[in-house]
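Peer 1: Residues per chain, in single letters:
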Amino acid sequence: MSQLTELYQEVILDHYRNPRNAKPIEKETHSAEGHNPLCGDDVEVHLLIEDGVVADVSVRGVGCAISTASSSLMSEAIRGKSLDEVEQMFERFHAMVTSPIDAPAPIDGLGKLEVLAGVRNYPVRIKCATLPWHALKSAIAGSSEPVTTEAGE
Amino acid sequence: MSQLTELYQEVILDHYRNPRNAKPIEKETHSAEGHNPLCGDDVEVHLLIEDGVVADVSVRGVGCAISTASSSLMSEAIRGKSLDEVEQMFERFHAMVTSPIDAPAPIDGLGKLEVLAGVRNYPVRIKCATLPWHALKSAIAGSSEPVTTEAGE
Amino acid sequence: MTSVRDAVSFDVERIRRDFPILGKGIAYLDNAATTQKPQRVIDRITRFYREQNGNVHRGVHDLSVMATREYEGARQRIAKDINAKSEREIVFVRGTTEAINLVAQSFVRPKLKQGSRVLITAMEHHSNIVPWQAICGETGAKLDVAPIDDNGDVVLEAFDRLVRKGPVIASFASVSNALGTVNPIKEMIEMCKSNGVPTLIDGAQSVPHTRVDVRDIDCDFFAFSSHKAFGPTGIGALYGREELLNAMQPYQYGGDMILYVSFEHTEYAPSPARFEAGTPHIAGAIGMAEAIDYVREIGDFRLHENRLIDSAVQRLHEIDGVRLVGMPKRRMGVVSFLLDGVHPHDVGTILNESGVAIRAGHHCAQPLMHRFDIPGTCRASFAFYNNEAEVDALIAGVRKAKEVFSQ
Amino acid sequence: MTSVRDAVSFDVERIRRDFPILGKGIAYLDNAATTQKPQRVIDRITRFYREQNGNVHRGVHDLSVMATREYEGARQRIAKDINAKSEREIVFVRGTTEAINLVAQSFVRPKLKQGSRVLITAMEHHSNIVPWQAICGETGAKLDVAPIDDNGDVVLEAFDRLVRKGPVIASFASVSNALGTVNPIKEMIEMCKSNGVPTLIDGAQSVPHTRVDVRDIDCDFFAFSSHKAFGPTGIGALYGREELLNAMQPYQYGGDMILYVSFEHTEYAPSPARFEAGTPHIAGAIGMAEAIDYVREIGDFRLHENRLIDSAVQRLHEIDGVRLVGMPKRRMGVVSFLLDGVHPHDVGTILNESGVAIRAGHHCAQPLMHRFDIPGTCRASFAFYNNEAEVDALIAGVRKAKEVFSQ
Ligand SMILES: Cc1ncc(COP(=O)(O)O)c(C=O)c1O
Ligand SMILES: Cc1ncc(COP(=O)(O)O)c(C=O)c1O
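Protein chains in written order, with the working numbering: chain A, 127 to 279; chain B, 127 to 279; chain C, 783 to 1189; chain D, 783 to 1189.
FYI, nobody ran anything at the bench for these hints, they're computed from the structure. A portion of the hints provided could be inaccurate.
[Stated by the list, open to error] Here are the simulated lysine-lysine pairs, DSS-like style, with alpha carbons at most 30 Å apart:
id, chain 1, residue 1, chain 2, residue 2
1, C, Lys895, D, Lys895
2, D, Lys893, C, Lys895
3, D, Lys862, D, Lys968
Chain A extracted, bound-state conformation (with noise of 0.2 Å):
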């Protein structure tokens, strides 16, 4: 498989054009949003956090095909997880896209999202996948501020 269709493999090509969790949600306690200025992309995260837990969540945005399978990819991966499991995710998550492309991509408990790993080999593009999580942690943190992912990453 080469880095491009690696990078560009059916599921995320499919999370992009079917995004999942983007309908509104009825009742959310948590929301924000995210810019990339690099790419334009724009993200909103709206969660029903009830109990420590992500009872609901809905993901919408326009952006690339990497910002928005990752958008999606989450969106499910963290529905019915606790916040110390989101939050855990979210490190693993970021530990998988910024390793060195040297050595396999730490993929352990990461599950379906092990399909944005081919991002390492893209760094411009590794932004585009970790906005929609820092969108997630800022609306956890209850942030007003819309993150952007500008300042480094």
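Using the hints provided, position chains B, C and D with the ligands relative to the given structure of chain A.
Peer 2: Chains B, C and D with the ligands in isolation, oriented as in the chain A frame:
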């Protein structure tokens, strides 16, 4: 005569040490100041112009040998001259100190002022020699703005 | 270098050899972002540092005199190239952005009050939007935006109408960096002049392709960047009419821009020193002038460039699923496009894998993107050293992107 | 290059060979104006233009990615060198002058009102006077000037007294460019801190001679120029505490410093992007970092420099008719002097004829000249690459000037 000793010849050093016409004059009709930010030279020209003739003159300032000597020599040269003659002298002086160094300097009609011809070899010092002349011109024109050699020459 | 030759004989393959970065397997089609440098410009910078380096102005020693002569000589060279009346009309700045900020702060801001207006167009680069927003916001002035049509051309009647409202300045690009639109600046300046409205032309995207004559177009200010015109980074020029410059407030304060300083009082020097506080980018100015010399000597490349652009437009247009963004009456340098179902950023990544460097995104023209209701475009932008083989590579890359996304 | 060696083994003759401009018959003693560049820095700039040139940020193609990496890498390098907490505390600017203007406009000006104060010292460079004068004049604030004594040292009690008046900022040089005075900046910053007064250090003249640790000295801002520290022209750095930078207004407006632009509203990026509108001097930043690398690798040259300066001071002092201007407790880089009956400018010309490059004049410190009631001085200023033979040439030149004027 080396270029350096041509530049700093005795006449110049003499006028530097004993500038002529440096005392205030009793009656004046025109005056102007000049600055050369390069050396920090300051010069003040005071004139008594009567019937189109420079009847009295005082030139004072703090400056390098070249600007001080040039001020002093100028004050001697213009005393008693008509404004037309002064204008002509300005042009000639300017032509001399900016003339190309690969031909003899045009010193016609400049009299004692010709001792400043050596300045031609020191482009960065030409402004020192012309500063009092610019102040003179500005005094005659009745401008109240101090002149400066900053903006080119 | 070669002497002036006519358009037909413009030999792009020969010219390419002057640019060390070309021919290393990258089809560089991101010239609107920054251009590559001929070896001659690089050598000139090297020579300055190896042989002529000193600080400018006020030095009595040879290196300082030499550096000053070269620096001021560069100013004269640029003045002559754009047909300014005098080199005192050329202010060295970091680039177009700083030039526009300078005019905004020193010329326009002091004139703004509640209800004043500033006029730009809907296709401006952020550098020609945000400085105006900032000072309008501070003073209660209004920023008017002349609309563009669906082809990406300014609606001249609307522009004229806004000119008649008497803005303190009208500031607009000669060429759009996002669409390639060539604005009819002479006509637009004429509209401004007949209404007494001062003009600032953002020339960042025209200077790399065509020579400007500031007295012919009769603008009041003209701004451009060296790095977009085959010269070094960190330097650019602001042209301004001398009488305007000398009536303006300084922009930055410090050494060299003053005549006299005491703790009570300071007198400012006339232009250009007034606007060049501190040690300038001496090597940059010299390299910038060298780039102009180079470009003037390689012959007339306009026909070559036009053919290349026409070919790119034509061939992109033929690809099913490609939509061109902007079909202006006259185009220079830039082709913006979209590929159905593929985000520009993904097109950019795939083109890069194919060895083609384009830009994807909003091109610092977000309001223009909103106008077309798109998040961004793919932008291929050309310089005289590009060739048809690079258009081939572009086309092949776009087809490849289509293929990757049609799984 | 050589690895770190100790002070004793600093081999100046070997180091001189790294600088192509040296050894061409000019004793270059105008280092406080600008320094010469090692071949390695020149080569680095060449390599950038030949192999890595692209515009930074926002590009998906390799050249843009590479240029961004090198540019941001330079920022990290500088952050590390001065021990900043993070590279986000480093803003690239044209030089010290722009850095001070930035702090004046974006940090200080919004805080000034009638009766506010700004504190500087009597030995500042125009770049650290005029920006404050300008904003004080506009707002009705007062510019306080801490006096210096006849030796050219700041009168610390007076400084402390003025600090207690609660200025909005205290801005002062680490080393005076006109006298060579090394200010006790740690002590002065301490006085400011204990009174809650923010500090800006003009580091233009200390950086070429000694490494700064911004967290150790605990200043709020620190400014310096690359061209005075063996790097290219047109670039410098402003260090600022991140929390201060992010609370500040932008300085210039345009591309890259915004998060989001519409015609109604614009959001600014955090530092450093907030302060770097437009295409930056990419090659300059990279060259600046390379110069730092070079200087850190040549070993400890402080002993060598001190010996040289001591020798120059001593030997000038021995010439009848020479008067040293400034006899500070600690001196770095600079010796200012006067020759009886000879104007500094004439000394400069005669030294130049003898192949010695010094500076003559007010050194952009006119108020300091007034303090000593002199129109200017002759200034010999040293870098690590100067040697005792160049001091010999200086002394010979001064004797020659004496001779010419004793006709
Ligand atoms: C102490 C001091 N501050 C500021 C400056 C201004 O630096 P630049 O001209 O690089 O902006 C200088 C340089 O002359 C200086 O010596
Ligand atoms: C039309 C236009 N204006 C202004 C700019 C800003 O130029 P610089 O980044 O060199 O300041 C650009 C460059 O992107 C441009 O294309």
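Peer 1: Each hint needs a verdict: does it hold in this structure or not?
Peer 2: Hints, one by one, checked against the model:
| no. | hint | result |
| --- | --- | --- |
| 1 | C:Lys895 with D:Lys895 | holds (21 Å) |
| 2 | D:Lys893 with C:Lys895 | holds (22 Å) |
| 3 | D:Lys862 with D:Lys968 | holds (20 Å) |
When each numbered hint is compared with the structure, no violation occurs for any of them.
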